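**Q** Residue numbers (this note's numbering), protein chains in the order written: chain C, 1 to 416; chain L, 1001 to 1498.
No lab work stands behind these hints: they were computed from the structure.
Be a bit skeptical, because a hint or two may be false.
What the hints assert, rightly or not - Listed next, the stretches of chain C that the computed footprint assigns to chain L, with coverage defined by at least 3 CB atoms under 8 Å from CB atoms of chain L:
1. 12-21
2. 52-61
3. 87-97
4. 107-118
Unchecked claim - In silico lysine-lysine, BS3-like type, Cα no more than 25 Å apart, as pairs:
5. C:K223 with C:K177
6. L:K1033 with L:K1443
7. L:K1300 with C:K309
8. L:K1242 with L:K1227
9. C:K64 with L:K1033
10. C:K182 with C:K147
11. C:K211 with C:K177
12. L:K1300 with L:K1242
13. C:K211 with C:K6
14. C:K309 with L:K1301
15. C:K6 with L:K1242
16. L:K1227 with L:K1300
17. L:K1023 with C:K64
Said to hold, decoys possible - Pair ranges (Cβ atoms, derived):
18. L:K1023 with C:G356: 55 to 65 Å
19. C:Q137 with L:K1023: 42 to 52 Å
20. L:M1350 with C:R212: 50 to 60 Å
21. L:G1247 with C:P241: 22 to 32 Å
22. L:E1303 with C:E273: 38 to 48 Å
23. C:E69 with L:S1396: 54 to 64 Å
24. L:S1061 with C:E69: 33 to 43 Å
Since this is a predicted model, take the numbers as computed values, not measurements.
Backbone N, C-alpha and C fix where the C-beta goes; we use that ideal spot for every residue, glycine too.
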Amino acid sequence: MADLNKLRYTIESCNHCGQCKWLLPGRMSGWDFAAMCPIHEYYLFDAYSGQGMLNIAGEILSGKMSHHEDLAEMLYTCTACGACDINCKNVRDMEVLDTILELRRDCAEAGYLPEVRKTELEKVMNTHNIYGLPHEQRFSFLPEDFKDDPEADTVLFAGCSAYRHPETILAAIKILKAGGVKFRLLYEDEWCCGASLWRMGAHKEAEELIKRNVETFRAKGVKTIITACAECFGAFRGGYPRFVETEFRTLHITQVAAELLQQGKLLLRDDGEDMTVTYHDPCMLGRLSEEYVHWDGEIQSWGVHVPEKEWRRGEFGVYEPPREILRAIPGVKLQEMVRSYEEAWCCGHKGADIDGEFAAYTAGERRREAASVGAEVIVSCCPFCREALDSKDDYNLKYMDLTELLADNLREEGQV
Amino acid sequence: MSFSDQVYQELAAVVGERYITRKDFILAGNRAKTPEMPVAHPSAECIVCPATTEEVAEIVSICLRHDLRYLACVTGCIPSAYASGPDTVFMHLKRMNHMEINVEDRYAIIEPGVRHVQLYPEVRKHGLSYAAAAVGPGGSPLVTYAVTGGDNHVQYGASRPCRYLLGVEMVTPEGEILRTGSLQTDSGWFCADSPGPSLRGLVRGYSGNNGKLGIITKCAIALDQCKGPAEIRREGISPHHKMFMDGDCSRVYVFNYENIQDVCDAMLALGEAEIAATVQKYFYLPLTLMMTDSANDFFKKWEYCKKTVPMPLVVHIATQSPEEREYEEKILFDIVHETKGTRIPRDLEMWWEEHMDYFMIVTRLQSVLRLGGSWFPCKASAESVQHMCDIGESISEFIYDFTDTGKIFDAPENYQIIPMEYSHFASSELLFMWDRFNPDGFKNMMEFMAASSATDAKYFYHGSTSSGYGPSAEKKGKLYSNAHIWMEQIQKAFDPRA
């Protein structure tokens, strides 16, 4: 059962300072690109913000408000990008995003999961992927002569996005092979990571799936999981420990590749195209990717947490490896956007099937920001950011996946 | 008359359906109680987001016609930003967010929805700055200048925000658009005064009008030259951003003192020498909180800071040349030596140096909320440096009854004094914290405020109390600023609903 009561301290601590909505001074640059919360910027009303969600949670908790369809639509339009959470935690000891996620769980358990999310849930439960495509086709993109190492304790977790963007997984395979990394795939044993279930508040189903996945990893002797999907990465790091004890290490392909580059195990072509790129930090790879550490204690006078809590403030997300890769590729010039690193503006993807106009606005804002720094290409490494940002508009910007960009620039071909 | 569908339709016709709502779950975002003022607020009937002064005027007229309360708000961080009764129309001025900087004449025209995180970097690009506390990135500069207080560390060579207001555009309680200063004669935004009686004092008063006299929809504020580095060097990832005020022409020093009179002497001497960009006797509790990562971390550092920096004087030297900096440093060290100050340990001073600009925009000060979020200011007075020190000394007469019994946080020296106009003027603030986990916490806070007010009355210490505190002000006698009395008289004369 959802338990908003556990978040009462956060819910009752909000002073409406507004820091959840605006860029932190450490990255401020001017009038433009100063907003941080996509739903607040689009819908304008304070309820559409971290602060507003806490206020709503407070009324739900006190029984003054009940869940209903309109409220559910609002709760699920939020992309749960966590910008509010990280901004609040700049000066406070509060769990804003966890409150939003718990509010969704409460909403789902009250029977108000929006139809699009219900459908997504059914697809994952029935077909083990978010698209509802046949499970047996999950790895159908692999060349017939592909060979992995069945004895390896490192697994490349393809993720559901392999259905739509198999080129990213092929690129990851190429990088790992070129770098001499021994790995295996899980084939029919690989199911959805469960990120969407956890984040939509379908906890019972998420727990079931996550436990099943962890048992599979154990049965296969997996010690390290590598993924090219930011969403899977964020789920393994920030979601799984909420449901089950985990002992395996999770790495994003950019972390592995950056290290291989540093070790001189990946050689890059020097005839690459000159281009100015900007890097978009995916929420689940950046600010939301710190490992979750369970805390079950008491908040005492003056907000002291007993026992002391390990906070996830977004400081230790995966920020540098993608940038190291971009800086290493000959011809690539990296230009940072104002809203970058832990202060990245969300791509808006998760709101797309609730309010398409909002999602388009959010992605458009990001493309406008990318164009404003003179970028010709916006690079990221999340399949969902790709779907949001790879669009046609007046900015004449190309989208490139970082894993694919790196693989294309490898001098020595891997043996796929 | 009460709020009705007809009123809603009239308001929607002004702003458009997209910018008005009466959905209860959206109204919930503007009625929640806050930790420092844990009282329930009535819900507004609707929230409406006007985009122009004319739309605000139309909304006020509709409210007048239907005898409805109305309220205009931008950030919601102060207790008066909530409905005070039934049938209230809540105006959110977020869409009014245009700004313009006149570099040549050094002023900025701002609307309520412009935030400090937007204005501050824009004026810095032109080597300019402004003298108002930012209260966090999302705070509204217009509100700081025209509606509330907000003394800032950079005011040492400058003055209070209220003295920087130039042209002001507002909607009166009658729903009319009023333009003051040079705007009144269509001469532009550059000047606060115009033929006839000056309206700036009436608009701004001593402590802000707190909404009594209308809704300020646009104003121009004077800007100062900003000494120090043109580019602020930044490092780190939140929560450990660093913003350096370094370079050849900028240095930050923190000194510790044994007693308040010595601090006072140092500030006055610095003022006479007309050196430094920022000088202040700073709160030692927030100073510690600003260096901590959590409430737990605070309690690990508090004893050290309490012993090491009980009475810190922060000095920021910012000059036009390295030679000028060396000159100012030499004088500074002479003054500090003569007034018996000592440099604090380098680790603490360094921390301050790495965050100096953060303090100028006061974002890190929000860390005071880390101890549960329950704080309150008092002794918010303004006159001379010596007067502020006298007020500081009077705090010891009543504070120990509260700190020794655990009614408020044990930090009896936790007040700041900000000298302005090179020490010709100054302001003070005692910031105290009460524990909201204590069932009597709120009661303790109210008792403490009463005790503070009693010493003000005893010594005739006036405070920048708003008109809502009239009865309290009356007790303080003739020395108390009478701005609230004038405000109420004006309101009675012009506000049809007063």
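**Q** Each of the hints needs a verdict: does it hold here or not?
**A** Now for the hints, and whether the structure bears them out:
{"no.": "1", "hint": "12-21", "result": "holds (count 9)"}
{"no.": "2", "hint": "52-61", "result": "holds (count 6)"}
{"no.": "3", "hint": "87-97", "result": "holds (count 6)"}
{"no.": "4", "hint": "107-118", "result": "violated (count 0)"}
{"no.": "5", "hint": "C:K223 with C:K177", "result": "holds, 19 Å"}
{"no.": "6", "hint": "L:K1033 with L:K1443", "result": "holds, 16 Å"}
{"no.": "7", "hint": "L:K1300 with C:K309", "result": "holds, 14 Å"}
{"no.": "8", "hint": "L:K1242 with L:K1227", "result": "holds, 19 Å"}
{"no.": "9", "hint": "C:K64 with L:K1033", "result": "holds, 13 Å"}
{"no.": "10", "hint": "C:K182 with C:K147", "result": "holds, 11 Å"}
{"no.": "11", "hint": "C:K211 with C:K177", "result": "violated, 30 Å"}
{"no.": "12", "hint": "L:K1300 with L:K1242", "result": "holds, 22 Å"}
{"no.": "13", "hint": "C:K211 with C:K6", "result": "holds, 23 Å"}
{"no.": "14", "hint": "C:K309 with L:K1301", "result": "holds, 17 Å"}
{"no.": "15", "hint": "C:K6 with L:K1242", "result": "violated, 33 Å"}
{"no.": "16", "hint": "L:K1227 with L:K1300", "result": "violated, 36 Å"}
{"no.": "17", "hint": "L:K1023 with C:K64", "result": "holds, 14 Å"}
{"no.": "18", "hint": "L:K1023 with C:G356: 55 to 65 Å", "result": "violated, 21 Å"}
{"no.": "19", "hint": "C:Q137 with L:K1023: 42 to 52 Å", "result": "holds, 43 Å"}
{"no.": "20", "hint": "L:M1350 with C:R212: 50 to 60 Å", "result": "holds, 51 Å"}
{"no.": "21", "hint": "L:G1247 with C:P241: 22 to 32 Å", "result": "violated, 45 Å"}
{"no.": "22", "hint": "L:E1303 with C:E273: 38 to 48 Å", "result": "violated, 60 Å"}
{"no.": "23", "hint": "C:E69 with L:S1396: 54 to 64 Å", "result": "holds, 59 Å"}
{"no.": "24", "hint": "L:S1061 with C:E69: 33 to 43 Å", "result": "holds, 36 Å"}
The structure is inconsistent with the numbered hints 4, 11, 15, 16, 18, 21 and 22, although it conforms to all the rest.
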